[in-house]
Every structure is written in structure tokens, then in C-alpha cells.
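2 protein chains.
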Amino acid sequence: MALIVQKYGGTSVGTPERIKNVAKRVARFKAQGHDVVVVVSAMSGETNRLISLAKEIQANPDPRELDVIISTGEQVTIGLLAMALKESGIDARSYTGGQVKILTDSAFTKARIQSIDDENMRADLNAGRVVIVAGFQGVDAEGNITTLGRGGSDTTGVALAAALHADECQIYTDVDGVYTTDPRVVPEARKLKTITFEEMLEMASLGSKVLQIRSVEFAGKYNVKLRVLSSFQEDGEGTLITFEEDSNMEKPVVSGIAFNRDEARINVTGVPDKPGIAYQILGPVADANIDVDMIIQNVGQEGTTDFSFTVPKNDLPRTIKVLESVQDHIAARSISGDDKICKISIVGVGMRSHVGVASTMFRTLAEEGINIQMISTSEIKISVIVDEKYLELAVRVLHKAFGLDQVV
Amino acid sequence: MALIVQKYGGTSVGTPERIKNVAKRVARFKAQGHDVVVVVSAMSGETNRLISLAKEIQANPDPRELDVIISTGEQVTIGLLAMALKESGIDARSYTGGQVKILTDSAFTKARIQSIDDENMRADLNAGRVVIVAGFQGVDAEGNITTLGRGGSDTTGVALAAALHADECQIYTDVDGVYTTDPRVVPEARKLKTITFEEMLEMASLGSKVLQIRSVEFAGKYNVKLRVLSSFQEDGEGTLITFEEDSNMEKPVVSGIAFNRDEARINVTGVPDKPGIAYQILGPVADANIDVDMIIQNVGQEGTTDFSFTVPKNDLPRTIKVLESVQDHIAARSISGDDKICKISIVGVGMRSHVGVASTMFRTLAEEGINIQMISTSEIKISVIVDEKYLELAVRVLHKAFGLDQVV
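Chains as they are written, first to last, in the UniProt record's numbering: chain A, 1 to 408; chain B, 1 to 408.
What the hints contain is simulated information worked out from the structure, not anything from laboratory work. Some hints here could point you the wrong way.
Stated by the list, open to error - Only pairs whose alpha carbons sit at most 25 Å apart, straight line, appear in this in silico DSS-like list of lysine-lysine:
no., chain 1, residue 1, chain 2, residue 2
1, B, Lys225, B, Lys24
2, A, Lys20, A, Lys55
3, A, Lys20, B, Lys24
4, B, Lys55, A, Lys24
5, A, Lys55, B, Lys313
6, A, Lys389, A, Lys313
7, A, Lys55, A, Lys313
8, A, Lys110, B, Lys86
9, B, Lys110, A, Lys86
10, A, Lys20, A, Lys86
11, B, Lys24, B, Lys86
12, B, Lys24, A, Lys86
13, B, Lys340, B, Lys321
14, B, Lys86, A, Lys55
15, A, Lys400, A, Lys389
16, A, Lys86, A, Lys110
17, A, Lys191, A, Lys225
18, B, Lys389, B, Lys313
19, A, Lys193, A, Lys400
20, A, Lys101, A, Lys225
21, A, Lys225, A, Lys274
22, B, Lys20, A, Lys55
23, A, Lys101, B, Lys101
To be verified - Incomplete in silico selection of chain A near chain B, CB under 8 Å:
no., residue
24, Leu50
25, Ala54
26, Glu65
27, Ile69
28, Thr72
29, Ile78
30, Lys86
31, Glu87
32, Gly143
Virtual Cβ for every residue (Gly too), placed ideally from N, Cα, C.
Required output: the full structure, derived from the provided sequences and hints.
Written out as C-alpha cells, the structure reads:
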């Protein structure tokens, strides 16, 4: 007898047949005596279809109106899933974000949840109903429809679990858990039974697309027990995201390897090595609303220094343009970009207490003749930028070097 | 300087290109200094797509959840139209039924409007914005999404015009007005400049699909000036639906001819000719939620009588089944159905003051050898049931007989 929040992504509800399967799974939990709240995404492809439609009208769609349009994707799914449950004899009721209500700020297309009213959901749960909530959406104080940004349905799931003090938040997706790395790149990749929140945050932010990073932050903040599972397997316990570091002595130092092909590198060379130069370079980039990820500044020589950073690949041309417009001002010798790069990161809380992790990483790459272009470290991760063509090779040799292919 | 409510149907907003054209038309009215409230339907085909999706889950979709699903069609259109207006530099804001709010009862899939809150719309109009409202939908007192039934967007338009005391409610459709009859059947059919509300009600209820009947009733009740126009013509004044009968002496006695191929006839013969028999026959039919249209009971002979009525063609098999289950109880000699029939009606307020209209109709049909199976009359219309195969012929000869092809 527990209260479980389950979130199903777009692939899991991609067809009427799959929605019926979700209903069957929900029915099994219900039959076990659990209370179930289900959060669903739009059917796969639907959000993109709606965005394309909007872009046929406006190249840069008005954010308020875009939210009105794209929030319909989840609204359709909640109705369909409620029907599927009723068809199997289980009472259910659907809720849009506004009906719950999930109150957000007014930052259309990337709103943040401010509060959740649990009254209606509680009443339905007490009446034995399954509660179905549209993910990804909310309503602001003026009653405008808002959306939480791509992947926001995970955040809805975690936020509902927090508001309802649920025993567990289960994120159903098309993979059966969190892996040591992408099995498409390394067939020996293993599923992790547990991963810490901090590791998951690093994995998520580094391009492991299992969970949206905000939902992981949210779960950490509100102590929500989070589990990633496959919606296409009958059983399987998935990967549990834990708060405590594993006390298992045998736990490997590195838990996983994440990678990302979606960044590009910018080099700004020969800028004066003086205070404020980083701001002069990155200020205009931030003003242009371009996300900067890794930032490296080399030690200067002869009064000048070189400055490198990464941006989303799509934003490379725009970034170069922005920088060229301030090139004279920042007195840079050259500005160049490279989008044939990738980022590879090893992640693990064990790094805190183990030395030599970085040198093992660098040696392993060197032995394969892979040149490292940039390095960035945090307490529990080391990221490197290398030539895109080495991605698969680098991930495979690192996976082996850190013993991730061995059953623990 | 007037306040105009414009309603655009599914065909008028069927593609992004057409939505842009609607925005252009709205912009023209705005440029003339008018305040404009726009009501839109779902893009053509969208409601059917959503209903099919629902039926893949549940053969008889749960009404509450069906409304959650199908209301998204209009929600997408309001966002797109608001964007199209903003793209042409006109400030606009979209509203779902719930956001307005349009309060309805809780009769899902066929809700009735109870009240409309005009506060937000007024504020937007005062701020110079075009207000865009999703047709066909509302919200009940508990916050559940409701829909008004097929064609409900017309009703939304008229209801908003009434609530806002608009100067005119313009219904844009794919025809340029109300015709004396369907031009596809009679090429000589003429567009009417005006038609009375009563005539329009008869025309609408008899299968002339220009306007939804409830919206006409609503307009009559709240004295809303209603005009039917084409969304595909630049100019054109359409057909105005008036409250006063035309004082024009030359106005023909018959204003138009409506027809309907969607009914079937049921014959119940040899039932005891005693009080209560009509209720015993039609009670079970009503209980089965089957709409009955024309009802004829012949004068009885030898203590028994024959009873005929029409139902929607789709409901014929079900009606027969219902009646067979009570055949012994009502002591009927036979129960039979015929779905190869059609209904043809002549409509006109002039009938009130003119005699001989019925005999002209019957003579005209007789001259063509068309047998009349049933007759039903009201103050301003005469309907007959004839063999389906005579439909086009009957409409054509009646159109000519009543001088409807002559320019007035």
C-alpha cells in the first residue's frame, strides 16, 4: 500500500496500443493496492508537429500562444489514458496542469513550478480513482497556460510526487534504467542498480538523456525517491536514484561515462591578459541568449591569453557573429569555431576519495592517440573535449579502463 | 466603430495559409476602427481525427474524457490565429473556453452555456487587442472541460455577441450566404439577402447546414444580429438573418427549400387505437436516446391504427430492435423500416398569409409522379417524405414552381 507517481514519456504513449499497455501496467499497481498518480507526455512526434504548425505562422512563435498550442499534446494523452483505464474497469480522472492546479511563474515555454494544489487529486485518490495529470504544463497566476520546457513532464512527475509525499516516483521511458554509458556505443555497458543524485545530475547534464536535469534537481531538493524503468518490460527494477552514496566497498570509482555531440568549440586568441576579459567576451554571448558550457582560459604569455568555450552546435554561427561584432573592442587576434568536436565525461562520487582517476583517463586516451583539446573538472566528474571522430573509440576504451564492463 | 464578433469555421482555418487570410480579414476590420472578437473552430478534419483516436481506445468514449481530448482542436487554432495577427503587427490574445470563462452545465459533449464572464475580454478590447476565443467549448462549475456538440462554435459566437452586446455576429463559412436551396442540386438557386429567424430555424433544422440550429435560437433569444458570409470572398454582404418579416410586397411566399437524406422511416401497423399508444411506442425509443423527427398517426380503422415516424438513418437498426422487444406489449401487427427515403420541406413566413401553398406543392410533385409517403406541417413549413431517388427532381420542380429561380 503505497502512493506511487508514474511518469510515461512520449514513446511509451506513442500509439493507442501503447496507451492501453500503460493502462494495464497502472492496473497491476492498482490491483496490488497502491494509489497511483500518472503523469503523461504528448504522444511521440505530437509536440514537434505542433511546433512546426506554429512556425508556419510565425518563424519565432509568440511564447504565450506557443504554450497554448503545444500544451494540447499532453491534454490529448490524459484523456486517452483515462479512457483506457475506464475501459479496463478502473475509475480514473484526467487533469490538465491548470485543473490540478500546477501554479507556475509566467516564463512561457520555460516556466517554473511555484506550487501544486493537491486537494482535487487527494479527493480522487481517496475515492479509489487513478489520477492522470498532463505533464509539461501549468498555469500562471493570471490563468495563462504555461509549459515547463522540453522534458518538463519529468519535472511534473517529481513535483507531484513531492507535493503528494509519494513513496516513489517512477519514470518510465524507452530504456530500462541508467547505464554505465550508451549501450549503442559500448555493447558491454551495464545497467546500474543505483546511482546517486549527484552522479545522475552530472550524467543528465552531460547528455545522458534518460532524465531531464531539472527533475533530478527537484527530486534531490524534495527528497523524492526516483526510479527509472522501461515501459516496454513487464518486470525489471530499473535504476534507483539514491541520496546516500553506496557503502559497497567494491563500488567502482567511476559510475558512468556520458558524452555529448551537440556542442561546438570557440577559440578566441591573443586577447589582452587583464581582469574583465572573460566578461567582455562572454557578456555579449550571454546577452544573445546563448548557453555557454565549458570555459577554459589558458595562462597568458607576453601579456595576451587564449580563451576557449563551448556552445550548442546550433548556436555556433550566431556566436561567431556576436564575437566578430566585438572583436575590435576585445582586441582579439583571432576568433574561430569548430563544430567537429565532442565532449566525454567520466562521472563518479568515488572520485572524491580516489586519486589517479584523471591520470588514468588521460593515459587511456593518449594510448589510443586521441588528442585532448580542453579539460574541465568538478568534484565528481572529468570532462574532455576531443575530435568528434574519436567519440566511440574514446568511450569504449574509457569504459574498459575503469572496469565498467565487469559485473559487480 | 462597432463591436463585431466573427466566427470562422473549420474550413476557413483549415491550413496555416487560410489562418493567415483570416488574420488579414480581421486586420481590415480593425483598421476600420472596429473592435473584433474572433471565435474559431478546430482546423478541418482535426475533430474527426481526435474522435477516431479516442475510439481506438474506447468504442464508446467516456464523455468527460472525450471533451478533454476534442477541445484541443480549437485550442490549437486560437494560438495559431493569435500568432498570425501578431505577425501582422496586431496585438491579440487567445482564450480557451475555460479562460474566458464560458460557464456551461456538465452535460459533456452537448453542454449548454449558462453564463459568460466578459471581464477579461473587455479589458483586452479596451487595450486595443483582438480577442480570440476557442469555439465549441466551455467549463462547468467544477472546472471540467465541456464541449457544446457539433457546430457548437456558432453557438459560442452568438453567445459571445450576446454577452458583449456586439453590433453584429458574423458567421464566416465556405458558402457566401443562405440559398433558396442547395445550389449543387438546383444550379438556379439564389442567395437570399435576408431571411427571418423563424425561416432560418426551419431551414437549419431541416438539413440546411449553414448554421447550427442552437446558434440561431440563441441569436433569436438575445436579439443578436446574425450574418452569414463567405471567408473566401473579399467582399460580399452574405445573408442577414432578420427579426422582422420583410415588408417587401413582392417577397415570395416560399423563401427556400430544405432537404435531408439522413432520416429513415419506421412503420408500426395494426396497433390498438387507444389513448397512450403513441407513448408506448415512442417511450422505449426515447429511452434508447434515439431522436424522433416526424411523427404521423393515421386515423384508425376497426379499432387499430398505423403509426409512422422518422429517425436518423444510423439509428434505424437499433430502433427496429427496440420496437421488436416491445412488439407483444404494444400488440403491433408489423414493424418495418425504410431507409431509402428523404425529407423535402418548403419554408417561408409568407405561408401564414397565403393559401394554396400546400396544394401547389402536392400538385407539383404529383405531376412528376412522385408519391408522398408522409406529410407534416407547421405554420411556416411543409415537409414531405418521398422516395430517396426523387430528391433532386422534387427539389428542382418545387424550386421552379414557387418562383425561387426568379431574381427579385
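Checked against the structure, which of the hints given earlier come out wrong? Numbers 2, 3, 5, 12, 16 and 21, in rising order.
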